[in-house]
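Undergrad: Below, each chain spelled out in residue letters.
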Amino acid sequence: MDFTQNTKAIFKRELRSYFESPVAYVFLVVFLMMTAFLTFAVGRFYENGQADLRGFFFWHPWVFLILVPAAAMRLWAEERRAGTIELLLTMPVTLTQAILGKFLAAWAFLTIALALTFPVFLTTLYLGEPDIGVALAGYFGSVLLAGAYLSVGVLTSAMTRNQVISFVVSVVICLFLLLAGWPPVTDFLVRVAQDHGHLEWLVQGVASFSFMPHFDSIQRGVIALRDLAYYTSLIVFMLFATHLVLENRKAS
Amino acid sequence: MLEIKELHKQFGSLHAVKGISFTVEKGEVLGFLGPNGAGKSTTMRMITGFLPPTSGTAIINGHDVVADPIAAKKETGYLPENAPVYSDMTVRAFLSFVAEIRGYSGAERLRRVDAAIESAHLEKVRNQTVSTLSKGYKQRVCFAQAILHDPPILIMDEPTDGLDPNQKQVVRSMIREMASRKVIVVSTHILEEVEAICTRAIIISSGKLVANGTPAELKTRCACHGAVELVFDRASDAMASDLRLLSSASRVESRDNSFTLFPKDPGRLLADVTDLVRQRNWHPTGLRVIEGRLEDVFHDLTLGEETVRKAG
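In order, the protein sequence lines correspond to chains A and B. Using the numbering used here, the first residue of the first sequence is number 107, and each one after it goes up by one. Using the numbering used here, the first residue of the second sequence is number 11, and each one after it goes up by one.
Worth flagging that the hints you see were computed from the coordinates, not collected in a lab. Glycine included, each C-beta is placed from N, C-alpha and C at the ideal position. Please note that the accuracy of each hint is not assured.
Unchecked claim - Examples of chain B residues lying across from chain A (beta carbon under 10 Å, computed):
| id | residue |
| --- | --- |
| 1 | Phe60 |
| 2 | Ile80 |
| 3 | Ala82 |
| 4 | Tyr88 |
| 5 | Pro90 |
| 6 | Asn92 |
| 7 | Ala93 |
| 8 | Asp98 |
| 9 | Glu110 |
| 10 | Ile111 |
| 11 | Arg112 |
| 12 | Phe242 |
As the list claims (entries may be wrong) - Keeping only pairs whose Cα atoms sit at most 30 Å apart, straight-line, the calculated BS3-like set for lysine-lysine is:
| id | chain 1 | residue 1 | chain 2 | residue 2 |
| --- | --- | --- | --- | --- |
| 13 | B | Lys145 | B | Lys15 |
| 14 | B | Lys145 | B | Lys134 |
| 15 | B | Lys84 | B | Lys218 |
| 16 | B | Lys36 | B | Lys84 |
| 17 | A | Lys118 | B | Lys134 |
| 18 | B | Lys15 | B | Lys28 |
| 19 | A | Lys118 | B | Lys36 |
| 20 | B | Lys218 | B | Lys28 |
| 21 | B | Lys134 | B | Lys178 |
| 22 | B | Lys84 | A | Lys114 |
| 23 | B | Lys145 | B | Lys178 |
| 24 | A | Lys118 | B | Lys145 |
Based on the sequences and whatever the hints tell you, model everything.
TA: If you want it as structure tokens, here you go:
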């Protein structure tokens with residue numbers, strides 16, 4: 107069967123499966139409430155008096171840290187637990203099609219969640235004159251960030267049949283990938299590195315693997331090739347690793 | 011046609027499948043027997059492409075499952091152990107998804123789904139969510155997905171496991187209906203099922219194939235095949251010693267008022283016994299020839315005891 111046909115079929119099934127579970131709706135409500143709370147109350151959106159969404163997007167890396175692993179944990183862990191992985195992988199589909207189909211379905215779900223925050227955008231439109239290009243770039247950057255977190259979650263989900271373990275490991279890895287480039291952490295590490303043999307380059311190097319600098323630069327409205335390349339290669343790497351893990355672990 | 015060639019599977023240091031080979035032609039229903047842990051499911055998983063073999067391969071209608079897995083999987087229908095199904099979907103939606111993966115679209119897809127629902131007697135539950143179904147129905151849903159694309163090769167791992175006797179009959183009759191048009195491999199623990207639906211059976215023990223033949227042939231491998239049972243109102247010791255003198259009997263067991271003579275030479279045993287009965291003017295109340303039992307053959311072959319008579 108045509109490559110995209112199978113991927114599409116698996117994509118549709120998985121996306122429908124998200125919405126057939128009450129967990130998805132709980133997830134959406136929690137996500138929307140958290141982002142709204144953080145933007146308006148904690149972020150003091152009205153007090154700032156700026157018609158831009160920086161105070162909205164600012165929180166996404168932290169919200170995603172908890173919610174994206176929660177959306178990802180069931181993707182492969184549940185298949186292995188229920189035994190349906192044996193059904194799926196004895197059909198005429200390649201492992202690649204299955205991995206892609208599921209990943210894209212989860213990414214679509216997260217994109218829908220992001221799209222549902224449009225009231226915040228409408229608020230800024232009503233209250234002022236936001237730079238629409240920057241706002242759209244912001245959403246785009248957020249979608250990419252969600253995809254990056256998701257790819258980590260897909261990998262951890264493939265490594266275990268226990269969803270909770272998948273969630274926890276995924277959060278830990280994402281936290282590391284986030285903090286490695288988070289200014290308070292990098293500033294501290296740079297100072298330490300300077301004191302111990304001018305190793306700032308090492309700190310900067312590790313920081314460049316982090317989500318944070320790449321997310322920030324897109325938030326400023328600049329969609330640079332370097333950042334796109336970062337997200338693409340991270341996602342590809344994680345999905346490739348998922349392929350390896352699944353190939354080696356099908357039976358158990 | 012299904013050809014299994016020297017399949018081996020090692021999980022680390024555990025050699026689970028040790029060189030299994032066999033062939034199944036269209037019209038045959040092959041029973042796959044063996045104790046738990048013998049390697050039946052592992053072998054089936056290699057045939058269906060779920061597990062890569064450590065060495066060897068399966069050729070499914072000419073397609074090598076290792077070299078060309080997609081083509082091989084297209085020709086295979088598989089009912090895995092425990093009949094897994096996506097439990098959050100309705101029966102119809104699940105079968106529709108399977109039909110889509112199998113390459114059907116539009117009206118053809120609807121037709122195939124309806125046909126599968128009918129064959130598996132799922133009309134009553136077509137719009138029910140799978141998680142709400144009983145075990146028997148879940149098994150039939152998984153069965154439906156296995157036959158949906160009318161595959162020439164059907165592999166079923168314990169298809170009647172956990173079903174009540176009526177449900178077992180339903181599944182067996184479904185298999186019998188399709189038998190002439192397909193190659194079917196059924197793994198089972200239920201020996202009466204082997205006699206009911208299988209044209210041939212193989213026995214696997216500790217990863218090795220230890221028997222391959224029709225149920226009738228396998229039964230002849232039992233030490234008790236062709237044994238003669240004599241029942242009297244009142245047996246005497248004299249009868250016992252006379253019977254023990256028969257050269258065509260390897261051993262005579264006596265219990266209450268009956269004797270069981272195990273054959274050294276089954277062709278002659280019955281004749282010798284009836285001659286003796288006539289000569290001594292005995293009046294037995296019962297005389298019968300015992301057909302071999304699969305249980306005994308299974309037991310002997312899988313526990314390695316040497317009470318099995320060599321074939322031929």
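Undergrad: Starting from the hint list further up, note which numbers the structure goes against and sort them upward.
TA: 12, 13 and 19
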